[in-house]
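Novice: The chain contents come next:
2 protein chains.
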Amino acid sequence: MRRVCFLLKVRQDRLEEYRRRHETVWPDMLAALREAGWHNYSLFLRDDGLLVGYLETDDFGAAQEAMERTEVNARWQTEMAPFFEGLDGRPDEGMTPLAEVFHLA
Amino acid sequence: MRRVCFLLKVRQDRLEEYRRRHETVWPDMLAALREAGWHNYSLFLRDDGLLVGYLETDDFGAAQEAMERTEVNARWQTEMAPFFEGLDGRPDEGMTPLAEVFHLA
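Protein sequences, first through last, are from chains A and B.
Counted from 1, the first sequence has number 356 at position 53 by the numbering used here; the numbering is strictly sequential.
Counted from 1, the second sequence has number 339 at position 36 by the numbering used here; the numbering is strictly sequential.
Derived from the structure by calculation, the hints contain no laboratory data.
In this text, all values refer to a predicted model and were calculated from it rather than measured experimentally.
Wrong hints could be hidden among the right ones.
A pair holds if it fits inside one copy or across any two, identical chains being indistinguishable in the list.
Within a straight-line C-alpha distance of at most 20 Å, the following computed DMTMM-like cross-link-like pairs (lysine to aspartate or glutamate) qualify [said to hold, decoys possible]: (1) Lys312 / Asp362; (2) Lys312 / Asp351; (3) Lys312 / Glu326; (4) Lys312 / Glu382.
Generate coordinates for the entire structure from the input sequences, incorporating the hints supplied.
Specialist: Right under this line is the structure:
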């Protein structure tokens, strides 16, 4: 399993709604993520809107492609796009992995 | 186990050295972290120096206190302090956890 970390920026005026929406992610979106190999997936939010994503997966490119093939992901990403700053496309297209510089099992 | 994420900022002119130092963290520092309950601990670095820490632990406050009681941590944090921006004290004192807004096991 590879560890993946990415950063996005949530608009300051949408923080509360973003939080609320993530308390009740659609069950079919959760199932799609699981089936696509997204494991131990967390999102952390700083007060200024900086969002940290962390997950574990065998191959992040493959896990992203598996989600892209689902209809539920297209619907979810379209609904989430207006929450983010500085994105041209869908949020899942802006999930650029950071370099891991240290790991302790 | 709780999932913990924190952010720090590495000075742009020290990025390479920070990376290099983390390829060879002292064995007694690694042992101390393990014994203090820091599990699955990763550091991710963005090109501009933003550093993301992620770990899993039963109680982050207790895991931090356990490290504070070790001599090796004091030595390590003293050596690491000059690598960071915007810190008054030691880097481990600036590890403020972000709010987790989503988790999928």
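Novice: Confirm or reject each hint.
Specialist: Each hint, compared with the structure:
1. Lys312 / Asp362: Answer is neither; intra-copy 24 Å and inter-copy 28 Å both fail.
2. Lys312 / Asp351: So Lys312 and Asp351 pass the 20 Å test inside a copy (9 Å) and across (15 Å) alike.
3. Lys312 / Glu326: within (18 Å within a copy, 29 Å between copies)
4. Lys312 / Glu382: within (15 Å within a copy, 32 Å between copies)
Hint compliance for this structure: hint 1 is the single one not met.
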